[in-house]
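Q: Here the sequence shown is numbered in the working numbering, starting from 1 and rising by one per residue.
Just so you know, the hints here were simulated from the structure itself, not pulled from any lab data. Using N, Cα and C, we set each Cβ at its ideal position, and we do this for glycine too. There may be inaccurate statements among the hints.
Unchecked claim - Under the rule of at most 30 Å between Cα atoms (straight-line distance), these lysine-lysine pairs were calculated in the DSSO-like manner: (1) 88 x 152; (2) 122 x 152; (3) 142 x 122.
Said to hold, decoys possible - Simulated DEER-style distance windows between Cβ atoms: (4) 330 x 193: 39 to 45 Å; (5) 54 x 478: 16 to 22 Å; (6) 292 x 54: 40 to 46 Å; (7) 360 x 278: 22 to 28 Å; (8) 525 x 610: 43 to 49 Å.
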Amino acid sequence: MMKNRKLVVLILFLWCTVSMRAQYNTNRLLISAEIALDYHDYVVAIQHCNNILSGKPYLYQPWYYRGVAKECLGDYAGAESDFTEAVKLNPYIYQIFNFRAESRMNQDKFQDAITDFDAALKLNPDQKGSWFNRAYARYRSKDVEKAREDLKYVIKRWPSMPNAYGLMTETYLNANDTATASRWLEKTLKVNPYDGNSWSIVGRLNLQRKNWAAAEKAFSSAIHYTPKVVNNYTYRAMTRVNLNKLRQAMEDYDRAISMNGNNFIAHYNRGLLRQTLGDDNRAIEDFNYVLGLEPDNLLALYNRAILLDRTGDYRAAIRDYSRVIEKFPNFWNGLTSRANCYRRLGMTAKAELDEFRVLKRQMDKHVGIQQRWSRSKLRQVRKMSDIDVEKYDQWVVQDNEVTTPEYKNEYRGNVQDRNVEVEYMPMFLLSYMPYKNGINSYQLVDRDVETFNRTIRPTLPVYISCKSNALTQEQSRRYFVAIDSLTTRISDIKNYNQVATLLFQRAVAHASTHNFSEALNDINDYMTMDSVSVLAYWQRGVCQAMMSNYAQSNGNDLKVVLGKSLDDLRRASGMAGEKNAFVIYDIANLHAMQRNYNDAIDTYTQAITLNPSLAEAYFNRGLTYIFSGNKSKGLADLSKAGELGIYDAYSVMKKYASEKH
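Take the sequences, apply the hints, and build the full model.
A: Now the structure itself:
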């Protein structure tokens, strides 16, 4: 009896231990998924969530986080499905409703999105983002009056939110009420004169009024503040055509297409411009591309027919003319042009038939050959949905375009502002991925890393890396396989020294998948066996710093977390004889993170002295100079960083060089 009781107690103890361990691992995987999302490594975040869901599909967080990752990767239907599962499991988290609404808007499910925003606002009525996005969804679903009601509430309660003024302006602009749109636009620019979307609206307003010079200036400002919005380049090109700046207009179309090769408007309008300039063969290429996107676009067909006619490909021209005439049998210019093609091919009977149709239905009307475009023709604009074939030679603009973006959701708390345009280059750490600083992949050299690779011969070679590029699915799979393989070897091997090196290798693999908590566990275990490893102190210091965002969002003192990291990095630097420029750079980053700008500048300078080609140190020192008020030195450092390969430095320079304050 006593033995049975002991057995039951033992089984219960083991069961509790296993359960606690499973919960512990689940929490760590959730933390790793959150950190992967922080670093935009969405494939890894999905992998961590999959691992949790395979055993615990009743937890809402992995469904939620996986939905966020899928949405960021453009899988909006998959994201919506995951958010729906999360809502079923926990219908009291307003952020999930916000994210599902966003995924639904990306699928043009605006009514469903409105329902989600209603639910989110019921749970938390103090979110300006949900109020604004509901207005946005209502406007996109053509409920303009309710959209304006929401926007009035947002503007009254949060008067410094420029997007609300911008969207209100657009509701009037797209209704052709330019007078009211102008009044709202003045308010928009008063709230934020540096908002690219607002300047884009100014450009569109002037485009409608045919104020070409003012429109060009406005679109140039929009491009300055938001250089990655493709349509700003296409619209500026249209204004430049009307200002006779044809070469610059072509450059804008080329830039738009290089940014988005599938941009219909840019290809169509560039085709028209090439047609105007007599560059017929390349104009045909543009219309070929347009027709690849929209095979039944009759206006593109007719323009291509004209070009094929001009270049002597009469049979192909007849094919395109015929498709247009089939849809518009009374299109006289098309019939006349097709008749001319038939005559050039010696097909007189068919030519006469087309000519007879024209004469019969336009008895007393003069039929002439379509002339080259006049300046007034060039200034005409039509919307994409307008299929009046008589407007074949007019520029295309977007139907009821909405320039103002929706308010972007954050998946949790105040961990990080994803809209920050200028960020420090991250810390150097040990990784299984070669580093690419912006132009070329190359291997950073350090004596201790070389010694480790040469003497230990790890499963995968260890590199020094800086920029944490998102892993591909194949890379993610390879690292998880490596972790499983190393775990098996660690449990099988009894040799003390071999276990130590395997632990360190697994720590690097965990860090590569943003599982910094497990990486720290392995490094701590490794350091009980080797307490004088420069690489261990270095990697532990960086892993602790990498977790600082998560630690801060969960109420931990940032100074304490970064203090531990700083201690480890200083220890590593001292053990390396103050000769490791990468570790010293990392120390400078910690000073910068705490806004100790003078210490950061001095430490970056120390790293540059050791390695004058360390582009990242120039970049970060440049930002630190700027943040501390010394713009001239900052711009000089950014210039050097760009020269050494960090091309992002030039866009940062442009931003700060143009700011007066």
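Q: Now look at each hint and say whether the structure bears it out.
A: These are the hints, each one checked on the structure:
Distance hint between residue 88 and residue 152 is unfulfilled; the C-alpha atoms sit about 33 Å from each other, more than 30 Å. Straight-line distance between C-alpha atoms of residue 122 and residue 152 comes to about 19 Å, which keeps the hinted pair within the 30 Å bound. Using a Cα cut-off of 30 Å, the hinted pair residue 142 and residue 122 holds, with the two alpha carbons roughly 23 Å apart. At roughly 52 Å, the beta carbons of residue 330 and residue 193 sit outside the given window of 39 to 45 Å.
Look at residue 54 against residue 478: about 19 Å separates their beta carbons, and that is inside 16 to 22 Å. Between residue 292 and residue 54 the CB atoms are about 42 Å apart, so this pair conforms to the stated range of 40 to 46 Å. In this structure the supplied range 22 to 28 Å is violated for residue 360 paired with residue 278, their Cβ-Cβ distance being about 35 Å. About 31 Å separates the C-beta atoms of residue 525 and residue 610, a value inconsistent with the hinted range of 43 to 49 Å.
Hints 1, 4, 7, 8, counting from the list given before, are not met by this structure.
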